[in-house]
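Enquirer: Produce the complete structure using the sequences and hints provided.
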Amino acid sequence: MIPIDVVSQVLPLLQEGFIVTIQLVIIAGILSFVMSFVGGLARLSRFAPLRWVSGFLIEFFRGTSLLVQLFWFYYALPLLGVTLPTGLVGIVALTLNYGSYGSEIVRSSILAVPKGQAEAGIALNMTRFQRMKSIILPQAFRIMLPSFGNLMIELLKGTALVSLITIQDMTFYITQARNTIGHDTLLFSMLLVAYFIIGYVITLVFRWLERKFSAGRV
Amino acid sequence: MAWDWNFTLNEVVPELLNVIHVTIMATLGAFALAVVLGLVLALGCRSNKKWISWPTRGVVEFIRLTPPLVQLFFIFFVFPHLFGLTLKPMVAGILGLGIHYSTYLSEVYRAGIESVPKGQWEAAIALNFSPLQKWKSVILPQAIRPIIPVMGNYLIVLFKETPLLAAIGLMELLGQAKSIGSVTFRYLEPITMVGIIFLILSYTASLLVKRLEWKLDLNGK
Chain E
1 MIPIDVVSQV LPLLQEGFIV TIQLVIIAGI LSFVMSFVGG LARLSRFAPL
51 RWVSGFLIEF FRGTSLLVQL FWFYYALPLL GVTLPTGLVG IVALTLNYGS
101 YGSEIVRSSI LAVPKGQAEA GIALNMTRFQ RMKSIILPQA FRIMLPSFGN
151 LMIELLKGTA LVSLITIQDM TFYITQARNT IGHDTLLFSM LLVAYFIIGY
201 VITLVFRWLE RKFSAGRV
Chain P
1 MAWDWNFTLN EVVPELLNVI HVTIMATLGA FALAVVLGLV LALGCRSNKK
51 WISWPTRGVV EFIRLTPPLV QLFFIFFVFP HLFGLTLKPM VAGILGLGIH
101 YSTYLSEVYR AGIESVPKGQ WEAAIALNFS PLQKWKSVIL PQAIRPIIPV
151 MGNYLIVLFK ETPLLAAIGL MELLGQAKSI GSVTFRYLEP ITMVGIIFLI
201 LSYTASLLVK RLEWKLDLNG K
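One line per chain: the protein sequences are E and P, in this order.
Numbering follows the UniProt record's numbering, with no gaps: position 182 of the first sequence is 182.
Numbering follows the UniProt record's numbering, with no gaps: position 199 of the second sequence is 199.
In case anyone wonders, no lab produced these hints; they're calculated from the structure.
Worth double-checking, as some hints may not be accurate.
Using C-beta positions, here's what the derived DEER-type ranges look like [stated by the list, open to error]:
1. E:142 - P:13: 34 to 40 angstroms
2. E:48 - P:28: 35 to 41 angstroms
3. E:200 - P:47: 21 to 27 angstroms
4. E:207 - P:126: 48 to 54 angstroms
5. E:208 - P:52: 45 to 51 angstroms
6. P:49 - E:48: 52 to 58 angstroms
7. P:28 - E:59: 20 to 26 angstroms
8. E:207 - P:120: 30 to 36 angstroms
9. P:50 - E:80: 56 to 62 angstroms
10. E:3 - P:111: 41 to 47 angstroms
11. E:211 - P:131: 34 to 40 angstroms
12. E:207 - P:52: 48 to 54 angstroms
13. E:142 - P:126: 51 to 57 angstroms
14. P:120 - E:176: 52 to 58 angstroms
Note that the Cβ used here is the ideal one computed from N, Cα and C, for glycine as well.
Expert: Structure, rendered in C-alpha cells:
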C-alpha cells in the first residue's frame, strides 16, 4: 500500500525542488552550450597560445571530478576571500564542467566535417569567418546534436550533486524529508521517477531537434 | 588565509595517500561489475524474445536517465528495507556505480557486436556452431577488441565519479579531505590536493588509453 498522506506531504517538496532543478538545467545548459562553442573554437584557433590555454583549461575541468569542483568552489574558495552565493557556485561548477565536455564535442564535430567542404569555401574565395559561419558550422551542428543531447542528460544527473552543497534541488528536499518523514522506499522512488521524467523530456526534445535539423537531407 | 605548504605536505598529502586505495578499489570493483553486467544487458537488449528485450531496454533507459547519486541513496537507504540487508558504503558504492555504468557499457558492447561483419555470423551458422560457441569463439572476440579503448575511457569516467561515494559516508579521497577540513577548519589545501590527485591520475590514464588505442590499431593493420 502506498501511504497517500505521505505522498501528499512529499509532492509539494518535490515541486519546490523541481523548480530549482529545472532552473539549474536550463541556466547551466545554456551557459555550457555557449562555453562549448567558445572552448571548441578556441582549441581550433590559429593562435597557438589560445589553443594551449583553452586546451589546458578544458583538460583541467574534465580531469578533476565535478563534485570535487563543487566542493572546491563551496568550501575552499571562500578561504581565499571569494564568497559566491551558493546557487551561483552550482551554476559555475556545472557550466565549467559540462562546458568543457561540450568543447570537445564542438571540436570533434568541426573536425568531422569533410575537408572538401572547407576547400570548396576557399575556392569560392570566402573568408575564414564566412567559411566557418556558412559552411562548416551548419554541417558540424547536425553532427554535434546527438552528443549535446547526451551532454544535457549528464548535466541533469549532475545537478543532483548540488544538493550536497545545500542547494535546495529535488534531491536536497527528499534527503531532508527522509529525516523527518521516513518512508525511504517511497521517497527515493518518487525522486527517481521525477528525474526520469525530466530526462525523458530532454531526450524527446533532442530527438525532435535532430529531426528538424536533418529535414530535407539524406 | 594563504596556502600553507607545511600543512599540505606533512598532513594533507599523507592522509590522502592513506585512503587512495579506497578510491581505487571502488573504481575497479564498480568497473568489473559494469563490464560483466554491461554484457548481460547488451545481450538482453538484443534477445529475440520480447519478454526479455523490452524490459531490459526499459531498465537500461531508466538507469541511464536518473542520477547516480540518487541511485546510490536508493541502494544505501532503501535496500535495507526491501531486502533486509544493510550494505557497507563500499559495497553500496560498487553496486551503485557498477549498475549505473553497466548501462553505458551495454551501449558500447552493442556497437562492438554490430561492427562484426555479417559474414562472420553466417560462417558460424555454416559451421553448425551452437549459440554459445558462436558467441564465445566467433562474435565476442571480434566485438570486444575494437571497444577496449572506449571501455578504458569509461573506466576513467567511472574513476571521476567515485567522489560521490563520500555522500554515503565512504572515506575515499574527497570524504577524507572533508574530514581533514572539519577538524582543522582548513578546506583549501585538502580539497585542492584531491583535485590535483584526480587530475594527475585521470590524465595519466587517458594517455595510457590513447597509447592502447594506437597499439591496437597498429596490430590490426
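Enquirer: Against this structure, judge whether each hint is valid.
Expert: Hint-by-hint comparison with the structure:
1. For the pair residue 142 (chain E) and residue 13 (chain P), the supplied restraint of 34 to 40 angstroms is violated, since their beta-carbon distance comes to about 48 angstroms.
2. Taking the beta carbon of each, residue 48 (chain E) and residue 28 (chain P) are about 39 angstroms apart, inside 35 to 41 angstroms as hinted.
3. For the pair residue 200 (chain E) and residue 47 (chain P), the supplied restraint of 21 to 27 angstroms holds, since their beta-carbon distance comes to about 23 angstroms.
4. Taken as a hint, the range 48 to 54 angstroms is violated for the pair residue 207 (chain E) and residue 126 (chain P), whose Cβ atoms sit roughly 39 angstroms apart.
5. Distance hint for residue 208 (chain E) and residue 52 (chain P): a CB-CB separation of about 30 angstroms, inconsistent with the stated range 45 to 51 angstroms.
6. A beta carbon spacing of about 57 angstroms between residue 49 (chain P) and residue 48 (chain E) agrees with the range 52 to 58 angstroms that was offered as a hint.
7. The supplied range of 20 to 26 angstroms is met by residue 28 (chain P) and residue 59 (chain E), whose beta-carbon atoms lie about 24 angstroms from each other.
8. The hinted window of 30 to 36 angstroms between residue 207 (chain E) and residue 120 (chain P) holds, with their beta carbons roughly 32 angstroms apart.
9. Between residue 50 (chain P) and residue 80 (chain E) the Cβ separation comes to about 58 angstroms, which falls inside the hinted range of 56 to 62 angstroms.
10. For the pair residue 3 (chain E) and residue 111 (chain P), the supplied restraint of 41 to 47 angstroms holds, since their beta-carbon distance comes to about 44 angstroms.
11. Taking 34 to 40 angstroms as the suggested C-beta distance range, the pair residue 211 (chain E) and residue 131 (chain P) conforms, at roughly 37 angstroms.
12. Residue 207 (chain E) and residue 52 (chain P) have their C-beta atoms about 25 angstroms apart, which leaves the hinted 48 to 54 angstroms range violated.
13. At roughly 41 angstroms, the beta-carbon separation of residue 142 (chain E) and residue 126 (chain P) lies outside the given 51 to 57 angstroms, and the hint is violated.
14. One distance hint, 52 to 58 angstroms for the beta-carbon pair residue 120 (chain P) and residue 176 (chain E), holds here, with the actual separation near 55 angstroms.
Taken one by one, the earlier hints fail for this structure at numbers 1, 4, 5, 12 and 13, listed in ascending order.
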